[in-house]
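As they're listed, the protein sequences go chains D and Z.
Take the first sequence: its position 232, counting from 1, is numbered 232 in UniProt numbering, and each next residue is one higher.
Take the second sequence: its position 227, counting from 1, is numbered 227 in UniProt numbering, and each next residue is one higher.
Note that these hints are calculated values from the structure, not bench results.
Backbone N, C-alpha and C fix where the C-beta goes; we use that ideal spot for every residue, glycine too.
There's no promise every hint is true.
Covered, in the sense of this in silico footprint (three residues per stretch, anywhere, with C-beta under 8 Å from a C-beta of chain Z), are these stretches of chain D [as the list claims (entries may be wrong)]:
#1 8-19
#2 88-99
#3 103-113
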Amino acid sequence: MANTFTTKGLTKTYGEGAAAVHALRGVDLEIPKGEIVVLLGPSGSGKSTLLNIIGGLDRATSGQALFEDQDLTAMSDRDLTLYRRDHVGFVFQFYNLMPSLTARENVELVTEIADDPMDVATALSMVGLGDRMDHFPAQMSGGEQQRVAIARAIAKNPNVLFCDEPTGALDSKTGRAVLHVLNDVNAKLGATVLIVTHAAATAGMAHRVIHFADGAIRSVKTNAHRLSPDEIAW
Amino acid sequence: MTALDHKLMRDLWRIKGQAGAIAAVVAVGVTLLVMMSGLLTSLENTRATYYQQYRLADIFAPVTRAPLRELETLKAIPGVASVEGRLQGSALIDMPGQPLPVRAVAVSLPPYRAPNLNDLYLTQGRLLRPGRTEEVVVLKSFANAHDLELGDEISATMYGARRSFVIVGFAQSPEFLFTVAPGEYVPDDARFAAIWMNLDAMAAAYDLDGAFNEALISLERGAQPQAVIDAVDAVLNRYGGQGAYARKDHMSDRFVSEEIGGLRATSVAVPPIFMGVAAFLLYIVITRMVQSEREQIGLIKAFGYSDVEVGLHYFKMVVFIAVVGAGFGCVFGIWAGRAMAGVYQSVYHFPFLVFGVDPTSFVVGVAVSVVSASTGGIFVLRRVFALTPAVAMRPPAPTDFSRTGALNDRLKGWLDQPSRMVLRRIFRNPGRVFGAVIGIAVGMGLSSAQMSVMSGFDDTLDLTFGVIDRSDVAVTFFEPMSQDTVFALKHQPGVIEVEPIRAVGAVLRNGLNSYRGSVTGLVENARLNRAVHKDMSDIAMPETGIVLAKSLADILGIGPGDVLQVEVLEGRRPILQVPVASIAETLLGAPAFMRMETLNALMREQGRVSGAYMRIDSDAFPDLIDQLKDMPSVGGVTRREDARAAMQKLMDSGAGAMRYVMAAIAGIITFGIVYNTARIAFGEQSRDLASLRVIGFTLGETAFVLLGELAIVVLLALPLGVGIGFYLSTLIAAGFSTDLYQIPTAFRPEAFGMAGAAVIVASVLSGWLVKRDIDRVDLVATLKTRE
Chain D
1 MANTFTTKGL TKTYGEGAAA VHALRGVDLE IPKGEIVVLL GPSGSGKSTL LNIIGGLDRA
61 TSGQALFEDQ DLTAMSDRDL TLYRRDHVGF VFQFYNLMPS LTARENVELV TEIADDPMDV
121 ATALSMVGLG DRMDHFPAQM SGGEQQRVAI ARAIAKNPNV LFCDEPTGAL DSKTGRAVLH
181 VLNDVNAKLG ATVLIVTHAA ATAGMAHRVI HFADGAIRSV KTNAHRLSPD EIAW
Chain Z
1 MTALDHKLMR DLWRIKGQAG AIAAVVAVGV TLLVMMSGLL TSLENTRATY YQQYRLADIF
61 APVTRAPLRE LETLKAIPGV ASVEGRLQGS ALIDMPGQPL PVRAVAVSLP PYRAPNLNDL
121 YLTQGRLLRP GRTEEVVVLK SFANAHDLEL GDEISATMYG ARRSFVIVGF AQSPEFLFTV
181 APGEYVPDDA RFAAIWMNLD AMAAAYDLDG AFNEALISLE RGAQPQAVID AVDAVLNRYG
241 GQGAYARKDH MSDRFVSEEI GGLRATSVAV PPIFMGVAAF LLYIVITRMV QSEREQIGLI
301 KAFGYSDVEV GLHYFKMVVF IAVVGAGFGC VFGIWAGRAM AGVYQSVYHF PFLVFGVDPT
361 SFVVGVAVSV VSASTGGIFV LRRVFALTPA VAMRPPAPTD FSRTGALNDR LKGWLDQPSR
421 MVLRRIFRNP GRVFGAVIGI AVGMGLSSAQ MSVMSGFDDT LDLTFGVIDR SDVAVTFFEP
481 MSQDTVFALK HQPGVIEVEP IRAVGAVLRN GLNSYRGSVT GLVENARLNR AVHKDMSDIA
541 MPETGIVLAK SLADILGIGP GDVLQVEVLE GRRPILQVPV ASIAETLLGA PAFMRMETLN
601 ALMREQGRVS GAYMRIDSDA FPDLIDQLKD MPSVGGVTRR EDARAAMQKL MDSGAGAMRY
661 VMAAIAGIIT FGIVYNTARI AFGEQSRDLA SLRVIGFTLG ETAFVLLGEL AIVVLLALPL
721 GVGIGFYLST LIAAGFSTDL YQIPTAFRPE AFGMAGAAVI VASVLSGWLV KRDIDRVDLV
781 ATLKTRE
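Please construct the entire structure, taking both the sequences and the accompanying hints into account.
Below is the structure:
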């Protein structure tokens, strides 16, 4: 199967000289299409940095990162914007919804600029919010807000969904619900899902688990048997 | 320094751009306040010192010819401290290379002593030697205007005879701060001269041996001027007294007073606007800061700091910005006041400057800044107090926009999401948007009003010299002449049209209101110098009754149909009761008009004229001037274009110059508000904007969400600014208007267009500055923080 992402000798260094921080020290990685991949590791291990680079939010210091056959490290800012617009969905720990837009409108924000978006109601139904479309973020719980964020991320029919600590601010019940949604999105839309998390238990639902430490990959493991989110110990 | 104070300093450093912008607005307000009050204090001190040191008379009593012994009678009037009798007469000075002779007043100096009153300040050369009838001292401002030097000879026509003089000295005098030729309204250094001569030379030239024709009187402390004036008039009446008047009615002093009054009006009106704007800006900036630091506030409170201590921390920040701004304002204000006072010193012809700083202006400036800033701060404190540690440390709930949900149905369908974000933010914070709209509108209003007033000055000129006065040349006679003189003028070379006038000095009285001016008799259907209605149509001179300028009617509090008392100051000095026939539109001076025949009949001086307006063939002008100079009756010739230029010059200097400063400053506050509005919007939305960028919005699309609000604020502010500008322009024009000239207000599209364009430029510039920050925003960092 073709890879969604391929990286070769990817490095990222913040600062210079003695103060330099090496966030990534030469990462070689292949992420096949359609998998759920969980990136685990302590704070500062480089997992978020990797996600930011292959998500088109940040630039590598050296090395190469390919999305399918496009070289992300060679793209201009404008091309990276178009890459994010057309191919990538993001889900963040703090939801990052527009407080001034309703759930429906937050999703429409994306469908209005996407090439081949899904129906807004469908996206919200997939996350179980078909009946709360006209509520503003302030009128929703954290779990509901995160599900709107996921609906917003998937509504463009993305090739890849990036989730940075998607359950970090949620309790176990709503956290599980969110993971169910991510599982469904992967299964139904075939999108590659990358989840960065501290919660090691989440790894149970992944096709592939990548361990990070000190800016490098320590291990890559594939799960022979994937757990359902309900089976995950929280 | 406590830990909180360290935080204070670092916070201030972090918001240094905004803090600096706000401090600058405060500083501008305080600068204006300190500058204007320092300037006013300096001008008033200087004037008072000058008058005192050079003994300017309290009362001036012109008379036709009074014997010297009556000076003793005047001295005996209760309340009179000292008396000086002198001679003065009008003269025409021939300036080499100038076609027109210059009108002048000649004033006598007593031999062997300095005058008791109205002394001169000799700037160069020496005073007159006794017995030297050919020596003169010349007013310095006139000498400067014509590059005269000591030893130069000038020739003057006095009482029809031409005489030559040698200049031995240049002087300034407190009675000639402004020199206005008789029959004109506007001072002009070049076109009016004062010369001082020995008493006996004067007496010979004007045939006034053993007499005086002006008494100068100073008063004892506490004396009633009006009582003394009445007593003086009683003494001088039989000698042709023209009515004594107080110093405040003296043309020169009146002019200075009007100018100082104009400055005072501005100094009271403008600084509060800046303070209001600064308070508003502080409020929105600090509110925003408290909102973004709610966690820190909760934490500090959790440590055990009290509400008051935490509140004080933010309050200090407000006060610090206000005090720094006010401090700079005081320093700049002193500096600017000193610079401006120097300018005014030369405009007003003060020989020296007593620079004064009004210490109360510092106190007022700092106090007003702190109080207005604190008013903004108090609202901030309420927010700080309302935060409990537990609430503050929880992540903030998303801002609630559900109240704006009513818009939903109407928004649906025709607005995309970014537009909805912009609109909902506006409806979420209508108060803040309203404040920004008002602030920008006021700034725009202030600058458009200043520009309106500038064109108002032009209208004054156009109306006066284009509509009312359509002559080319005005001639005045030494004394009232017969109609024959008019015929003589008609036969001069190049004269196309001649229109005689009869002007008599008079005190116009309506109850307690009075005005010392003159009544001008016009021919029934005057064409060259007219009275006009508001719609610029002619007012035909009625057979009976008087036509008053609007400004004069306002001073007197009188309207058509009322009866005005006219106390004529010439000839038989009749006291007349004349009905007011109509009100004329004039912008220069405060004239009163009657039909010439009627006026002469009331004076019992049939067929007398005191001057004439003429239309001439401009090619014949030099020949005509030569002829006029040889007519002994001609006391002065004024070319309309010279009078217009003098008026223009006056309006570009003095109080008029202040309007340029004001227009520039108004631009600064407009920019301050626009920039802060954009900055705050960026601060509040940086996370949303980063999210939009992450989702795949381009920089331009993201900027739309940020700057859309600013655009709407500006669009709302523009029409409001026009309204405020129009209102302010009427206020400012009224402040600048004096009884010497009026500034009309009218809607001036070009002024508002310019001011509006300035607002738009400020917005585009602010938008560009803030948009650069969107380009630089660290997407990752912004998304990782909780706000």
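Hint compliance check: list the failing hint numbers for this structure, sorted ascending.
Violated hint (a single one): 1; every other hint is consistent with the structure.
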